[in-house]
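One-letter residues, chain by chain:
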Amino acid sequence: MSWRAHGMRAWVLQRFSAAYIAVYVLVILVYLVPNLPMNFLQWREIFAAPVMNIATLLFQIALLAHAWVGIRDIIIDYVHPVPLRLVLMTGMSLLQIILTVWVSMLMFSVVRL
Amino acid sequence: MKFRIHRFNPETDAKPYMQDVELDIEPSKMVRDALIRIKAKDETLAFRHSCGEGVCGSDAINVNGTNALGCLTRLSSLQEPIEIRPVPGMPIIRDLIVDMEQFYHHYRAVKPYLIRHDPEPEVEYRQTPQQRDKLDGLYECILCGCCSTSCPSFWWNPDKFRGPAALLQAWRFLADSRDQATDERLRELDGPYRLFRCHTIMNCVTVCPKGLNPTKAINEIKKLMLKEMI
Ligand code: SF4
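Which chain is which? The protein sequence lines are A and B, in order. Using the working numbering, read the first sequence as starting at 1 and increasing by one per residue. Using the working numbering, read the second sequence as starting at 1001 and increasing by one per residue.
Watch out, some of these pointers could steer you wrong.
Computed footprint of chain A on chain B, listed as stretches where at least three residues anywhere in the stretch have a Cβ under 8 Å from a Cβ of chain A [what the hints assert, rightly or not]: (1) 1153 to 1164; (2) 1182 to 1195; (3) 1220 to 1228.
With beta-carbon atoms standing in for the labels, derived distance ranges [stated by the list, open to error]: (4) Q1019(B) with V79(A): 32 to 38 Å; (5) R85(A) with T1182(B): 28 to 34 Å; (6) L1226(B) with Y31(A): 44 to 50 Å.
What the hints contain is simulated information worked out from the structure, not anything from laboratory work. Using N, Cα and C, we set each Cβ at its ideal position, and we do this for glycine too.
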């Protein structure tokens, strides 16, 4: 995604990811929270189901997109020196990628096909 | 009544200061009337004004922290001491007068006039009453600048973000059935800055002395962009 050209795309990405995140969080609240506290086996049982597994992966990806646009917005607004911008954007992207890889590894390790 | 007025004369003052002024004036008068009387006593006070009835848009100032037109703001609606400052975020020329060049630059950049690609018709451009209705709430803007100068996004990126006033005008011409430059207009506004610095803070709607809604116009532009994208 280029820095200049995609105001609209970033905006759309942010809206759609927000909608997905909202639905996912709602589902988690309704299905998971009433069963708390749970042990590892119960947790694994829930996230081993392919639907839940993929939904969670998608959630992490939506979160990645949403946070990327949001934090980029904050940086555009408040951080004007270019080197500092570059450092913050890179740091944020790295953190997000590490998180996504981590969640993917978790999900792949428990999925029951 | 008690006033505190922002003063700055770049030729004699190192930095701006607030001047306390006492004035005997009926509370039913407007802030502009008070400024005129204060100037009659101290003619070094500088401020812009002209029509005195909210049509020319030249006397935008910041009164007790809110942008407003001096000519439409009644003294009785304000708490004393009444603090009068120039509108925020713009370079100050003197006392209450700011340099509006940046604001006009953005206005010019949205090409606030009809663009046609077809040959000109022999008669006038025709519009149905419904098409004409779409321009209500848009054409009334007097370019006072109250909205853009109250917008945090405009403060942070005044050189790149078009600001609510210019974007309201951008939509005014996008919404006009006679205009044929939709594509060019939308393309000009894409990118992270010109349109998309708006985060629906809605200060513009709160302060607009003509009761217009730039936020709604901005959302209409986004909707049209989305439609053109898919
Ligand atoms: S939209 Fe309202 S506040 Fe903004 S410049 Fe026009 S009249 Fe003034």
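Evaluated hints:
1. 1153 to 1164: holds (count 3)
2. 1182 to 1195: holds (count 7)
3. 1220 to 1228: Contact hint for the segment 1220 to 1228 of chain B vs chain A: holds, 3 residues under 8 Å.
4. Q1019(B) with V79(A): 32 to 38 Å: Holds - the Cβ-Cβ distance for Q1019(B) and V79(A), about 37 Å, lies within 32 to 38 Å.
5. R85(A) with T1182(B): 28 to 34 Å: Check passed, 33 Å falls within 28 to 34 Å.
6. L1226(B) with Y31(A): 44 to 50 Å: violated, 33 Å
Violated hint for the displayed structure: number 6, the only one.
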